[in-house]
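A.B. asks: Spelled out, the chains give:
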Amino acid sequence: MSQVPLSHILMVSTALFFIGMYGLFTRRNMITMLMSVELILNSVNINFVAFSRYLYPDKLEGVFFTLFIIAIAAAEAAVAIAIIINLYRNFHSIDVEAADEMKF
Amino acid sequence: MSASAVVFYILSFFILATGLLAVTSRKIFRSAIWLLFCLTGIAGLYFWLQMEFIAAVQIVVYVGGIVVLIIFSIFLTQQSGKDLPAPVRGRAVFSALAVCAGFALTCVLLRGYAFQPLGYAAGAGAGSGGGGASVGNIGAQLLSTTEHGYVLPFEVISILLLAAMIGCIVIAIKTKPEDQ
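Keeping their order, the protein sequence lines are chains A and B.
Be aware that the first sequence starts at 253, since it is given in this note's numbering, and climbs by one per residue.
Be aware that the second sequence starts at 26, since it is given in this note's numbering, and climbs by one per residue.
No lab work stands behind these hints, which were simulated from the structure alone.
Keep in mind it's a predicted model, so treat the numbers as computed, not measured.
C-beta atoms are modelled at their ideal positions from N, C-alpha and C, and glycine is treated no differently.
Hints may contain errors.
To be verified - To give a feel for the contact side, a few chain B residues facing chain A, derived at Cβ under 8 Å:
id: 1; residue: V124
id: 2; residue: G127
id: 3; residue: G174
id: 4; residue: P178
As the list claims (entries may be wrong) - Using C-beta positions, here's what the derived DEER-type ranges look like:
id: 5; chain 1: B; residue 1: A188; chain 2: A; residue 2: A350; range: 22 to 30 Å
id: 6; chain 1: B; residue 1: Q141; chain 2: A; residue 2: F356; range: 44 to 52 Å
id: 7; chain 1: A; residue 1: N338; chain 2: B; residue 2: V181; range: 36 to 44 Å
id: 8; chain 1: A; residue 1: L258; chain 2: B; residue 2: A28; range: 13 to 21 Å
id: 9; chain 1: A; residue 1: P257; chain 2: B; residue 2: T200; range: 32 to 40 Å
id: 10; chain 1: A; residue 1: F356; chain 2: B; residue 2: P202; range: 46 to 54 Å
id: 11; chain 1: B; residue 1: V93; chain 2: A; residue 2: A350; range: 19 to 27 Å
id: 12; chain 1: A; residue 1: D347; chain 2: B; residue 2: V32; range: 25 to 33 Å
id: 13; chain 1: A; residue 1: A350; chain 2: B; residue 2: A123; range: 22 to 30 Å
id: 14; chain 1: A; residue 1: D347; chain 2: B; residue 2: G89; range: 41 to 49 Å
id: 15; chain 1: A; residue 1: A350; chain 2: B; residue 2: T170; range: 45 to 53 Å
id: 16; chain 1: B; residue 1: E180; chain 2: A; residue 2: M354; range: 35 to 43 Å
With the hints as extra help, turn the sequences into a complete structure.
C.D. replies: Structure, rendered in structure tokens:
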């Protein structure tokens, strides 16, 4: 583990973050946008774990933040999928362009 | 280059390749399966960082929970054999440019910064001395009520999960025809 510098792990998580951003920009399907959000949250988790491991190996704060982020991501995915299913019931599509009823 | 570094670079290539396929695949079901591989690779990265508990949580919650939920909702809302529409060309080009610029900027910043731990009082954490991120230490500090304990966020998260569960049921419940 010590042969790999910390910045390489941070570059991997940055690349994963921007892959998720690309998906969020280009996709127009709600489920795939949700997948992109999951990728972004995972890149943040990698950052927390890497910092905790490399800089403060005897502290556990990074572990706790990662665990709480995973729990919140699970809650967020469940609520998002409930909203998506409700939207599909009303509009028969989960394209974000189709849900424009409140658009001015 | 040692074996550990080789494992790291293989893992990171796997994560980035499957992540890229997950956001660019035109079939939504394949996209979900690539996301599954990507999350498994991230769990492998946690194993490589010797955070076994987080890797286990990642596999249980993400791979076992969220991806299954996503696949379930794909089957509920989508004809899974149909291709997704291709992204608008101008939007794809501009977002790729923006993403590459952001990545380059962040990499330049990362390269120029020397990461050093801040000085802190030795032995300040309750239950965090010695064994590092073992499951026993994590459990002891997560439920401890002393200065560095995390029992309050733990309870708040449990309330949040309860609220999310009730909220999901209320949002996704099917209303009876006479209510409309």
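A.B. asks: I'd like to know which numbered hints this structure contradicts. Please list them from smallest to largest.
C.D. replies: Per hint list: 3, 7, 9, 10, 12, 14 violated.
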